[in-house]
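*Asks:* The primary structure of each chain is shown beneath.
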Amino acid sequence: GAGVSQSPSNKVTEKGKDVELRCDPISGHTALYWYRQSLGQGLEFLIYFQGNSAPDKSGLPSDRFSAERTGGSVSTLTIQRTQQEDSAVYLCASSSGFSGNTIYFGEGSWLTVV
Amino acid sequence: QKEVEQDPGPLSVPEGAIVSLNCTYSNSAFQYFMWYRQYSRKGPELLMYTYSSGNKEDGRFTAQVDKSSKYISLFIRDSQPSDSATYLCAMSAGDDMRFGAGTRLTVKP
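In the order they appear, the protein sequences are chains H and F.
For the first sequence, the working numbering gives the first residue as 1, with consecutive numbering after it.
For the second sequence, the working numbering gives the first residue as 1001, with consecutive numbering after it.
In case anyone wonders, no lab produced these hints; they're calculated from the structure.
One or more of the hints may lead you astray.
Stated by the list, open to error - 20 Å max Cα-Cα, derived EDC-like pairs, lysine to aspartate or glutamate:
1. F:K1070 <-> F:E1015
2. F:K1042 <-> H:D56
3. F:K1108 <-> F:E1015
4. F:K1042 <-> H:D24
5. H:K57 <-> F:E1003
6. F:K1042 <-> H:D18
7. H:K57 <-> H:E14
8. F:K1002 <-> H:E44
9. F:K1070 <-> F:D1096
10. F:K1067 <-> F:D1078
11. H:K57 <-> F:E1015
Stated by the list, open to error - Incomplete in silico selection of chain F near chain H, CB under 10 Å:
12. L1011
13. V1013
14. P1014
15. G1016
16. S1028
17. R1041
18. K1042
19. G1054
20. Y1071
21. S1073
22. F1075
23. D1096
24. R1098
25. L1105
26. V1107
27. P1109
To be verified - Some chain F residues well away from chain H (every beta-carbon gap over 12 Å; in silico):
28. Q1006
29. E1015
30. I1018
31. Q1038
32. T1086
33. A1090
For every residue, glycine included, the Cβ atom is placed at its ideal position computed from N, Cα and C.
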């Protein structure tokens, strides 16, 4: 596609429910990133996929968070048993995967846990 | 100490002013330096990209990198109300990208 596409753009969920956030990266991009941005805060790295390599999960805040990338393209970030502190915007980004190449962001999925 | 330090502001300037935004970093391996602009409720968009030390100019925007001081800057000349946004610095040594906290800028008409 022309850009990184994320869905849903907005999600309100009840505490304790599971949520899935989807990211469709730019066509041909092998690297995919998930970040979290809380209100007024910087970008918090969550997870990074590069081609067929094992993902870098070092940023996932707890075992309630998981992500997968099927077929090297679309990725899903899953948050189980959501908590109010999970409320944030979840940003997906992709790049061509070459060293130093810039990353391009989607518009984000705005999650509110009530 | 954070790997990338950026003053979150907020910064408010009158229209037409020159704006200076800065970041410092600690990892001397960083070679690629970027500035992203993020409007309210939007994803960050790439504004400037610089490799290693030096200056890069694009219209009203100038990015400077001083690797010896581990210091990068973004200058905005003749600032406009449409420049009001959060500006995030970013840097990497390869695929590992690190972001500053972002500086919130308001340009008042």
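*Asks:* Name the hints, by number, that the structure is in violation of.
*Replies:* 1, 2, 6, 7, 10, 11, 12, 13, 14, 15, 16, 19, 20, 21, 22, 25, 26, 27, 28, 31, 32 and 33
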